[in-house]
Structures are given as structure tokens and as C-alpha cells.
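Peer 1: Model the full assembly from the supplied sequences, consistent with the hints where possible.
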Amino acid sequence: MAERTWEVQPGRTFVGRLEKGSDLVAELERICAERDIRAAWVSVIGAVSHAAYAYYHQGDLRYLELASDTHHEIAGFIGNVSLRDGKPFLHAHATFADEQGACVGGHLLRGITVFVAEFTIREMTGVELVRTFDEEFGLALW
Amino acid sequence: MAERTWEVQPGRTFVGRLEKGSDLVAELERICAERDIRAAWVSVIGAVSHAAYAYYHQGDLRYLELASDTHHEIAGFIGNVSLRDGKPFLHAHATFADEQGACVGGHLLRGITVFVAEFTIREMTGVELVRTFDEEFGLALW
Amino acid sequence: MAERTWEVQPGRTFVGRLEKGSDLVAELERICAERDIRAAWVSVIGAVSHAAYAYYHQGDLRYLELASDTHHEIAGFIGNVSLRDGKPFLHAHATFADEQGACVGGHLLRGITVFVAEFTIREMTGVELVRTFDEEFGLALW
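Protein chains in written order, with the numbering used here: chain A, 15 to 156; chain B, 15 to 156; chain C, 15 to 156.
It is worth saying that the hints were derived from the structure and are not from the lab. Mixed in with the good hints, there may be bad ones.
For identical chains, the list gives no copy identity; a pair is met inside one copy or between any two copies.
List time: in silico SDA-like cross-link candidates among lysine to any residue, alpha-carbon distance up to 25 Å [as the list claims (entries may be wrong)]:
#1 LYS101 x GLU113
#2 LYS34 x LEU75
#3 LYS101 x SER82
#4 LYS101 x ARG18
#5 LYS101 x GLY73
#6 LYS34 x ASP112
#7 LYS101 x HIS85
#8 LYS101 x ARG49
#9 LYS101 x ALA116
#10 LYS34 x GLU79
#11 LYS34 x THR19
#12 LYS34 x GLN72
#13 LYS34 x VAL144
#14 LYS34 x VAL22
#15 LYS101 x GLY152
#16 LYS101 x ARG31
#17 LYS101 x ASP83
#18 LYS101 x TRP20
#19 LYS34 x LEU123
#20 LYS34 x VAL141
#21 LYS34 x ASP148
#22 LYS101 x ARG145
#23 LYS101 x THR84
#24 LYS34 x GLY152
#25 LYS101 x THR19
Here the structure is a predicted model, which means the values were calculated and not measured.
Peer 2: What follows is the structure, given as C-alpha cells:
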């Protein structure tokens, strides 16, 4: 692999709160699509009433899906936005804490139900991050 | 709920280190208050000698307080600053790791004792994020 | 300790992806060194095939090293770059999730093997963050 490091420019910055009951990943992607945000770094703090996440099996090259109806605090979050199939795609991982403080985490899937979610989206311009399927990884990468 | 997404402008950026023995949340709020930082995104890396955090019970609409005298690494952190009662208020969640690497986490309370804490505060301007009590959630939200 | 809070200026922003099999910490430091990035805030999302991390024993003032050959998702990440021995030094902590979603975490060491790692590096200018050994902490701090 050739080195893949790009210098980018800061674009717009957005801050907001997602509606209770909304789908965390889908809502953030919708907000990006409506504003033509094609590359960004995203942070979220809040709590969810249902968590849907996954672990990528690096040997079998497939996601193992996990879910929990436990109400969780979002105790860690990292995410970015790039393009997949021409649309803004959120790649995000998080840690979820339960009422004893115990944590689970992984790759976020659609189907996470928001209780409260405050977010920031920091757009990056001057780069095209386009996910395409990579056979070696079994993943859509840029 | 009407959609709550605001475009903001980047303001000042601060970096620093909190004093050993200080109260993590209170110190960051003091630093913001002294500089008139009214909205920001915050990140912290370090370790604590006492952790105080909480889980929000979404059914009972109240926080369950948790604490630990275990020394912890801060293994994940997300946080923002907005106004509550006219003063900068830090809303932060974190993951704490112990000497086996095991993690607990949640909503940060006052009473966390800093061992080492390196922080960045990224101010946002052009928006007023004011927390007011929301009966549906039992929380002060913007 | 005198208060250590500095206002800094945003510098360049980089985004990229690390090569599979590379050493996460060493590669990010190399990328910074080649671009003369001397202070930055860093975020990473991805997965690793080997994790190497540590817990700092605050009483004995030494790191306890931990490692795991379990493949992990990076479920939380915080990090910054400053100078140590005249070179860019990455101080990063992370949370790692396994196939049940269970999390471990701590201070990142060299020896973490990348599966996929998408990163952003946000340079800060107008400050010199130089790590020097602090006897009270047993750590190199700025």
C-alpha cells in the first residue's frame, strides 16, 4: 500500500442534538447528506436506549453483530464521514457503559436508538474519501 | 422536536495540563469561566486517582452515582461545554481502565481527582448553547 | 504547579489510513516527524490484530505492561503529539473491544499491530510542548 496521508482543509463545523428515538447512525448521515458534507470527523456524547454494534472477524472477514437493550451511556466515541455509493457514510466506533459502569463497545450499526445525543461534525475539504470494496480486508475502505 | 443542528464558527483553541489533585470537571469549568469560553468541545487524556461518574436511569429519570478509588487510566473521553445557570458547564463522559485493563465508564461528576490530565478545549462561537431543564428527560438540555 | 493553559493556533490538518501490519504508535510518530508536526491532537478509528498497552501504577511510579493477541476494535481513542528528545511523541490512550464487545484499555505502547486504522492529525502551532522527566510523577510531562 502506498502511503495514504492527505493534508486537508477545515470546512464548516456543526453542533446539534439528535431527537429521542431516532437512529443514531442514520440521523447523522441524513444531517450530512442534507448539508452536502462529504468528509468530516464526528463526535457524540449522550445515552442510548438500544445499542447495535459489531466486531469485525479479521480471519473470516465478516462482522459479528451484537446488540443490547440495556440502556447505555456513550462512554467513548470516534467517527468519521466519507463517501460510499455516492452518499455520506458514517464510520463510527463507541464504548457503551451500563448501570454498574461496565463497558461494551465496537463498530456502530444502524439500529441504535437515541435517548440523548449531542454531536459535533467537523467538515474536511480538499480531499475525496471514497469507500470502495477491498478484497483483502472484505471492507469498503478509502 | 424541531431539528437542532447549528453551524458554528471555530473560536480559540487551548491546550494545557491540570494540576495533580485537582477536581477534573471543576477545573475545566474554571478554566473556561476565566476565559469566557461559552461553547466548546473538550478532550482529555491522563489518569485519575479517584473516579466519580454516573449512569442515567432513563426510566426513573435520575442519575445513579458510581465511584471508584481504583487508580484509572482515562481510556476514552468525550465532552462539551455549554452554559448552565449562566456559567460554563462541562458535559463529559469517559471510560476508565484499571491495572488489568478492565474498563468502567459513564457521565463524569465532580469529585474526580486528577493524577495527570492533558486537555484541549476548542471553542465554538456563533451559537448560544444554554441548558434548561427538560421535563421529558429530567435533564438540563440545549 | 503554576497554571499550565496555553492558547494555541490551529495548524495543518491531515487525514489518512495506516498500512495493515504497521505499528500504530510508531507509524503515527513517523508521519508527524516527516511533516515536522510538533504539537497536535490525534484521533484513530479502526481495528488491531495485537494490542499493547499499559497501566501506570501511581504509587510505584511505573507502567505495568499489558498485551493481547485478541483481535480488537478500537472503541475509544484520545491522543496528542508533543516533543520528546526532540522528536514528535504520541501520547495516546484507547479502549479495545473484543468479539463479545468486552472492553480493555489503557496507555498505548509500541507494538500495536494495525488491521485498519483511519486517523486524523490536527496540528497546533504557537506552542512548544516539550516533555521532560518529572520526578514527582516518574513521567515525561509538558
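Peer 1: Work down the list of hints and note, for each, if the structure agrees.
Peer 2: Status of the hints after comparison with the structure:
1. LYS101 x GLU113: For LYS101 and GLU113, neither the intra-copy (36 Å) nor the inter-copy (29 Å) Cα distance is at most 25 Å.
2. LYS34 x LEU75: between (34 Å within a copy, 14 Å between copies)
3. LYS101 x SER82: For LYS101 and SER82, neither the intra-copy (28 Å) nor the inter-copy (36 Å) Cα distance is at most 25 Å.
4. LYS101 x ARG18: For LYS101 and ARG18, both the intra-copy (22 Å) and inter-copy (22 Å) Cα distances are at most 25 Å.
5. LYS101 x GLY73: Neither. Shortest intra-copy (29 Å) and inter-copy (36 Å) distances fail the 25 Å Cα cut-off.
6. LYS34 x ASP112: Within one copy, since 19 Å is at most 25 Å while 29 Å is not.
7. LYS101 x HIS85: neither (30 Å within a copy, 30 Å between copies)
8. LYS101 x ARG49: within (11 Å within a copy, 31 Å between copies)
9. LYS101 x ALA116: neither (35 Å within a copy, 32 Å between copies)
10. LYS34 x GLU79: The answer is both: 23 Å in one copy and 23 Å across copies each meet 25 Å.
11. LYS34 x THR19: Classified as between: cross-chain Cα gap 14 Å, same-chain 37 Å, threshold 25 Å.
12. LYS34 x GLN72: between (34 Å within a copy, 11 Å between copies)
13. LYS34 x VAL144: Classified as between; 19 Å across copies, 31 Å inside a copy.
14. LYS34 x VAL22: between (34 Å within a copy, 23 Å between copies)
15. LYS101 x GLY152: within (20 Å within a copy, 36 Å between copies)
16. LYS101 x ARG31: both (22 Å within a copy, 20 Å between copies)
17. LYS101 x ASP83: This pair counts as neither: shortest intra-copy Cα distance 29 Å, inter-copy 36 Å.
18. LYS101 x TRP20: Both: 21 Å inside a copy, 21 Å across copies.
19. LYS34 x LEU123: Both: 17 Å inside a copy, 23 Å across copies.
20. LYS34 x VAL141: Close across copies (22 Å), not inside one copy (33 Å); limit 25 Å.
21. LYS34 x ASP148: Classified as between: cross-chain Cα gap 12 Å, same-chain 36 Å, threshold 25 Å.
22. LYS101 x ARG145: For LYS101 and ARG145, the Cα distance is within 25 Å only inside one copy (10 Å; across copies 33 Å).
23. LYS101 x THR84: Neither: 31 Å inside a copy, 33 Å across copies.
24. LYS34 x GLY152: Result: close only across copies, 13 Å inter versus 34 Å intra.
25. LYS101 x THR19: For LYS101 and THR19, the Cα distance is within 25 Å both inside one copy (22 Å) and across copies (19 Å).
In summary, the numbered hints that this structure violates are 1, 3, 5, 7, 9, 17, 23.
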